[in-house]
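S.K.: Letter by letter, the chains look like this.
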Amino acid sequence: MKVLYFAWVRSQIGLSEETVDLPDDVSTVSELLDWLRGRGPRHAEALHDTSVVRVAVNEEYASLDAPVAAGDEVALFPPVTGG
Amino acid sequence: MKVLYFAWVRSQIGLSEETVDLPDDVSTVSELLDWLRGRGPRHAEALHDTSVVRVAVNEEYASLDAPVAAGDEVALFPPVTGG
Amino acid sequence: MIRVQREDFDVAAETASIVGSDHGIGAVVTFIGLVRDISGGESISNMTLEHYPGMTEKMLERIESEAMSRWPLSASLIVHRYGHLEPGDGIVLVITASPHREAAFEASEFLVDWLKTKAPFWKRETTPAGAKWVAARDSDDAAAARWTGEI
Amino acid sequence: MIRVQREDFDVAAETASIVGSDHGIGAVVTFIGLVRDISGGESISNMTLEHYPGMTEKMLERIESEAMSRWPLSASLIVHRYGHLEPGDGIVLVITASPHREAAFEASEFLVDWLKTKAPFWKRETTPAGAKWVAARDSDDAAAARWTGEI
Numbered sequence: 009m010k011v012l013y014f015a016w017v018r019s020q021i022g023l024s025e026e027t028v029d030l031p032d033d034v035s036t037v038s039e040l041l042d043w044l045r046g047r048g049p050r051h052a053e054a055l056h057d058t059s060v061v062r063v064a065v066n067e068e069y070a071s072l073d074a075p076v077a078a079g080d081e082v083a084l085f086p087p088v089t090g091g
Numbered sequence: 009m010k011v012l013y014f015a016w017v018r019s020q021i022g023l024s025e026e027t028v029d030l031p032d033d034v035s036t037v038s039e040l041l042d043w044l045r046g047r048g049p050r051h052a053e054a055l056h057d058t059s060v061v062r063v064a065v066n067e068e069y070a071s072l073d074a075p076v077a078a079g080d081e082v083a084l085f086p087p088v089t090g091g
Numbered sequence: 031m032i033r034v035q036r037e038d039f040d041v042a043a044e045t046a047s048i049v050g051s052d053h054g055i056g057a058v059v060t061f062i063g064l065v066r067d068i069s070g071g072e073s074i075s076n077m078t079l080e081h082y083p084g085m086t087e088k089m090l091e092r093i094e095s096e097a098m099s100r101w102p103l104s105a106s107l108i109v110h111r112y113g114h115l116e117p118g119d120g121i122v123l124v125i126t127a128s129p130h131r132e133a134a135f136e137a138s139e140f141l142v143d144w145l146k147t148k149a150p151f152w153k154r155e156t157t158p159a160g161a162k163w164v165a166a167r168d169s170d171d172a173a174a175a176r177w178t179g180e181i
Numbered sequence: 031m032i033r034v035q036r037e038d039f040d041v042a043a044e045t046a047s048i049v050g051s052d053h054g055i056g057a058v059v060t061f062i063g064l065v066r067d068i069s070g071g072e073s074i075s076n077m078t079l080e081h082y083p084g085m086t087e088k089m090l091e092r093i094e095s096e097a098m099s100r101w102p103l104s105a106s107l108i109v110h111r112y113g114h115l116e117p118g119d120g121i122v123l124v125i126t127a128s129p130h131r132e133a134a135f136e137a138s139e140f141l142v143d144w145l146k147t148k149a150p151f152w153k154r155e156t157t158p159a160g161a162k163w164v165a166a167r168d169s170d171d172a173a174a175a176r177w178t179g180e181i
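Protein chains in written order, with the numbering used here: chain F, 9 to 91; chain C, 9 to 91; chain Z, 31 to 181; chain E, 31 to 181.
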């Protein structure tokens with residue numbers, strides 16, 4: 009799975025993207041976030057408050073209970089501030 | 009008094025403006041319209057339906073009961089259609 | 031700023047002049063009214079826009095002042111043309127600039143609604159059946175009535 | 031039509047291209063978002079706009095299609111920039127053209143509200159105290175909530 013980070017999520021984690029091998033028990037966005045937080049203190053810090061993290065799965069906004077699978081592209085980012 | 013006509017009020021009367029000497033008993037817009045209708049059939053026809061005639065006295069919108077006096081500039085025209 | 035003119039307007043130049051070097055402006059809303067080639071189901075080959083010189087400028091200035099007092103605008107511009115116009119020609123240009131978009135949008139709609147119902151302009155359109163004066167639209171009165179209070 | 035680009039946009043050229051020779055268009059509303067030199071009380075010397083290539087284009091196309099389906103638009107355009115921007119620079123351009131003004135105004139506000147809350151762009155502003163990511167505004171969410179229904 010490819011995971012992308014944008015804006016301050018990217019700055020805090022220190023990566024703009026990474027490719028991860030999902031364990032079998034990760035099948036939702038919420039479980040993915042739990043698992044990513046375990047990758048290190050910067051991941052844990054950046055992703056600790058899910059109320060300020062938005063999620064897109066394959067370039068579509070997704071909720072915490074949305075399914076994720078190995079071939080997906082998942083992006084994590086703050087609320088948008090364009091326009 | 010100078011009386012100006014615009015749009016179809018002007019076309020129907022056949023004048024864009026005229027200078028008139030007001031009789032003493034004409035002191036409101038309504039009385040002025042009555043008096044103007046007496047000036048001829050084209051005036052009568054153009055001004056017969058006051059619901060579609062708008063009035064400005066000295067470049068300000070005015071109602072039928074607004075006062076008019078000898079030195080005023082009065083304009084009569086249809087509802088506006090600009091923009 | 032307001033202008034009543036026979037000539038066409040240059041939207042880019044007017045916008046640049048309105049914004050100037052004011053970097054507090056975050057939103058610019060521009061409304062351009064154009065002559066259509068169809069009106070009430072009839073085809074239009076050209077039109078003439080008549081106005082009341084003197085009263086027109088007075089009304090536009092007052093409408094603009096009212097908009098500036100109701101919304102926090104950094105700048106605004108109304109340019110209204112008169113005379114002979116053809117389909118595709120610009121009739122009216124309204125520009126509103128503000129720190130935030132809400133004010134710029136609302137003031138623009140307010141100005142255009144008032145122009146349609148209060149500014150002394152009259153359209154005479156040339157159709158295949160001849161030339162005729164355009165009737166006022168009830169929907170324009172309804173739109174203007176959204177903005178409570180006389181000016 | 032939508033475009034995501036690093037370069038500045040030319041409002042006059044874009045407007046001319048959107049209107050083209052369609053003489054059924056009576057109203058064109060243009061929204062230009064500009065970089066302000068102040069934000070939340072702090073002075074801004076420049077900003078960087080980051081985006082999510084791929085998803086951005088997909089979202090903009092969907093938002094534009096939704097606007098075209100909700101209002102009788104003759105044409106529309108969204109141009110959104112990314113990268114390094116300075117005060118006074120244009121960030122976003124939205125043009126809506128329609129036979130009548132109501133549709134052009136409403137569609138423009140709809141598009142700008144959705145851009146502010148759904149398009150994956152993030153602003154990083156440089157202030158005297160350093161660079162920082164801009165926080166989302168609750169008022170933008172409230173504005174977008176006016177347009178019922180998800181897209």
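Hints listed in this document are in silico derivations from the structure and should not be mistaken for laboratory results.
It cannot be assumed that every hint is accurate.
Claimed, not checked - Listed next, the stretches of chain Z that the computed footprint assigns to chain C, with coverage defined by at least 3 CB atoms under 8 Å from CB atoms of chain C:
id, segment
1, 63-77
2, 150-156
3, 159-166
Said to hold, decoys possible - Capping the alpha-carbon separation at 27 Å, the derived lysine-lysine pairs in BS3-like fashion look like this:
id, chain 1, residue 1, chain 2, residue 2
4, C, LYS10, Z, LYS148
5, E, LYS162, E, LYS148
6, C, LYS10, Z, LYS88
7, Z, LYS162, Z, LYS148
8, E, LYS148, E, LYS88
9, F, LYS10, E, LYS148
10, E, LYS88, F, LYS10
11, Z, LYS88, Z, LYS148
Remember, predicted model here, so these are calculated numbers, not experimental data.
Every residue gets a Cβ at the ideal spot worked out from N, C-alpha and C, and that includes glycine.
S.K.: Going through the earlier hints one by one, which of them does the structure break, listed in rising order?
M.R.: Violated: hint 1 alone.
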